[in-house]
Each structure stands twice: as C-alpha cells, then as structure tokens.
Amino acid sequence: MKIKTTNSTFNIQKIRQDFPILSEKVNGKPLVYMDSGSTAQKPTQVIDAVSNYYQKQNSNIHRGVHHLSQEITIAYEKARATVQNHLNAEVPQEIIFTSGTTDSINLVASSFGRKYINSGDEIIISEMEHHSNILPWQTLCEERGAVLKVIPINDKGELRLDEYKNLLCSKTKIVAITHVSNTLGTINPVKEMIALAHEKNIPVLIDGAQAVPHLKIDVQDLDVDFYCFSGHKLFGPTGVGILYGREKWLNEMPPYKVGGGIIKTVTFKKTEYADLPLKFEAGTPHIEGGIGLAAAIDYINEIGLENIGAYEHELLEYATLKLSAIEGLRIIGTAKEKASVISFVIDEFHPLDIGIILDKQGIAVRTGHHCTQPLMEHFSIPGTIRVSLVFHNTKEEIDVLVNGIQKAIKMLK
Amino acid sequence: MRIAEIENEIIEEFELFGDDWEGKYEHLIDLGKHLPLIEKQYKTDDKLIKGCQSKVWLQSGLKDGKIVFTADSDAIITKGIVALLIRVISNRTAGEILNTKFEFINKIGLIEHLSPTRSNGLISMIKQMKFDAVLLESKA
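As you go down the protein sequences, you meet chains A and B in turn. According to the working numbering, the first sequence is numbered sequentially starting from 1. According to the working numbering, the second sequence is numbered sequentially starting from 1001.
Bear in mind the hints are in silico, worked out from the structure with no lab data behind them. Every residue, glycine too, gets a C-beta built ideally from N, C-alpha and C. Each hint should be verified, as a subset may be incorrect.
[As the list claims (entries may be wrong)] Listed below are several chain B residues computed to face chain A (Cβ distance under 8 Å; list not exhaustive):
id, residue
1, 1017
2, 1021
3, 1022
4, 1029
5, 1053
6, 1054
7, 1075
8, 1076
9, 1077
10, 1078
11, 1100
12, 1103
13, 1132
[Said to hold, decoys possible] Label pairs and their calculated CB-CB ranges:
id, chain 1, residue 1, chain 2, residue 2, range
14, B, 1006, A, 257, 24 to 30 Å
15, A, 381, B, 1043, 46 to 52 Å
16, B, 1061, A, 318, 52 to 58 Å
17, B, 1020, A, 16, 27 to 33 Å
18, B, 1131, A, 58, 47 to 53 Å
Using the sequences plus the hints, can you model the full thing?
See the structure below:
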C-alpha cells in the first residue's frame, strides 16, 4: 500500500521493514503494536547506531585526550546539535540531555523551584497531566508552601482556556502543561497559552512526551521557556530524554544534580560550576542514548513529520470511525484537535479484561489509568483501553483490532 | 480433599482445552461469574486490595477452626483467577494455607496473571490471605 502524501517516498511496506520487531509473533499471532504512547518501537537505523557505538565508538566523553574519547565527544555534541536543529533551538547549550521527560520536569521543578518559588506563590498545571507533570510540582509546593492551581477540562477533554485566563495572576510563578494528552490525545493550544502567560511575564514548561513523535516542534515559534520529552517515545533508546530550556533561565538556575563533569574548579571551600549545558549534566551521561536519539530524529526527518502527520491523521479518522461503530463503545476524549491516540471504554466491561483478551490475539494496547488518575476521576471511570497509533500502523491492523474487540465482547458477555 | 488433589483436579479441567486459549478464558470468565460474591456489607474499603488496574475485595473468616475466604473483583478475568485460588485454599487451616504455592497456576498456563507486572492485585491478595489466616488462627 502506497500512501499519497506530499512526499512520494512514504511507503508503508518499507517503513514496516525498518522495524524488526513488527515481524515478531505474540501468542502465535502477528504482533499488532498499538502501544507506542507507552514506548515506541525502534527502527534498524536506531538499533544499528547504538550497536555501532558499542562496537566501534565506546569511550567516555568530555574527558579523554585519546582518539576514541575525542571522536565520541564530537559525535555526542553532534547529537545535541541534531536535537537543537530538530527543535529549532537558538543555541546548542539550550539542549540538556536528561534521562527522560520525568527527569527533565524534575530538573526544572527542583532547580527553578529552589531559586524562584516561595511561600504563597502559585504554580499552574492542568487536570489532564500525567502524574510526571503533577508530582514534581505538588512536592515542590509542599516544600515551599506554594499553591498548585489546576486548569479544568470540558467533557470533550479540552482545557478550559477561560478558566486558565482567570488562574493566571501576579502570584503565578510557572505554568506546566502537556502538549498532547497521553490519555485523551488532545492537542492543547500551547502557543496561545504560552502567549497568555508571557503577557504576565510567567514562564511556561511544556511536557512534550506525547507530542514529539507526531508534531513538528519549533521552540522559538512557540516561544516556550522549557520543553521536555523522552527519547524512547520518539523511536529512540530508553533512558535518554531532553530538556530544552531558554538560555536565560538555565544560566540563572542552580545545578540540579552535582558531581563529575560539571565543574570549572573544586576546592573544599567553593565550587565553580561549568557553563551550559554541562552544568546540568553531572556524571557520565547515557552516551549511546544520545547517539541513538539523534539517529531516531534523522530517521523521522527522512520520512518527514508532515508526511507522518498526514498519514497518522488518516489512521486516527479511520480508527475513530471503526471503533465508534462498536456497540457500547464510548470514546473518552473527543477534542477537536487530536493526535493519533484513542482512549475508550466498552459498556460495563473492565478495561483490563478487554486488554487481556486483545493480548491473547497478539494486539498490544494499554489499559488502566495511564498515570492520569485525576483525569479518570473527571470521567468517573476506573481506566480506559488506549490505542496509540504511529506511522508504522495500518488500516488493516485497525481492522484486526476491531475484530479483536468484537471477540472480547462476545467472550465477556 | 487435599490441596494437591484439588490442584490436580483444576489442572485436568484446564487440560481439556489444550491450546484453545479462547475455551480456557471462557471457562475462566465463567468461573468468575459464578464466584460466590462477597456479601455487600463486607465490600468496604478496608477489605479492598488495590491493584494498579483492577480491585480485589477479600473477606476472611474462621469457621469450625478453618479459614474461609470470600472475594470479589471489578475485573472478570481477575475474578476467575480469584475463584480458583479460593477453591484451593478456602476452608483450610493456616498451616495448609501458608504452605500453598499455587503451582497449578503455572501448569494451567495462567502464571502471567500472578506476575508482579500484571498489577491486578492478585499477588497482594495472596499475601493478605496468608496474613489473615495466621492472624485468625492465633485469635481462635
């Protein structure tokens, strides 16, 4: 099947061949992987980059005078530049390698928090945040005597911008919201929300974990202060992530973790820290993770995010149509702007039961509360079944899913 | 019947399905549907064992020197497994309960449901059953 897009090289058959795991069988059935929202599968290009690192490049960065160390330092900094270009960041030192989105958010909450958050200050998050973008702020508020304010959602799963405007005030010190909801798929109007916060000189952090695999991110166009994402959801290795931070903020913020590699001089009286980005990268980093992430970004860009977006939108529409036709199935999250993530419940059936029976048929979906318990409370449900589709999925797989669900309903009735 | 005998009975029951996962799961779902429900007054938060995904309620009591369990779950497949566990260790002494390792679950190909990654509350339920058994017998 060839897909008509702006770039004629988008060939689904070829793309599927790039992902070795897609030819695996699960419970004797061809794997239908629809859980990319949890973690994405890896193309050969990424697997090869990581393998090549260990076979030919392994050495520590920023330390050695020897050949390998110098070569890998150059490669690692090239990976940083790849991320910088991909996000259209102004300078490479605005790109900090972390262990993932959770780590990136914790870095900002801890470091920005220590410097700027005091008793009575307010931090704004939203009702649809992943626990990773709730707990660091909640903990910070408890520590500093600050107050957590929450933007509510409407029943379609969209943020209430009117409420958001009311929450922004002189006490607000930072806004932290997700770009794309991991549970609902909602794409939030972050550019507009950032502009509103900036009118009051309030910085904004965006959790981009679910956005980067689907959308083109331009941090300068968004005018965002902090943007976080994970490598593993972007078809890269696990254990590596990115914090983009505006240079002005990162320069002012204290180090988050301290240790080797982030200093200029150390005496027992005083330590002078290194400049960005090393100031935030204590210890030996996840070197092959950075190399692999750059390979993943190159891979994505070769296909083209525009082509990916168009194809995934087609999948989203097809899946929404097919799933909606199932009797008793209710889609949770019907925002106007959505990424290819669909959450649903079916009658009184427990999502776990549906998930188990789908797994028996080789179909991988996620069930549960998706680390968004406050959101489940809003919809008064214990959890959902979540299907997250990416550009290696096909309409044929959606048909397999729909048949699988029909079978589950028949068995559970 | 001894615990081992009941376990063998269950193994034989499931052997009938061979490789037919559908039959096996339909049987499990059926067992879940027929699990004697916990009486409503006991279905309270203090009887609740929270898994990450499904909830299990466990009520333990003492009858004629034996430990008796009733239970419930909001997920039907979890409930089916609960029914099997109860069939094996309800109406037993604490000593018997403590020594039960539920190896039959592996033999009938359902071990994945007792894995710590399944987060259905069953591992915690087994711990609770053993704990309750010791506590109730010590009080008797």
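- Query: Which of the numbered hints are not met once you compare them with the structure shown?
  - Reply: 1, 11, 12, 13, 14, 15
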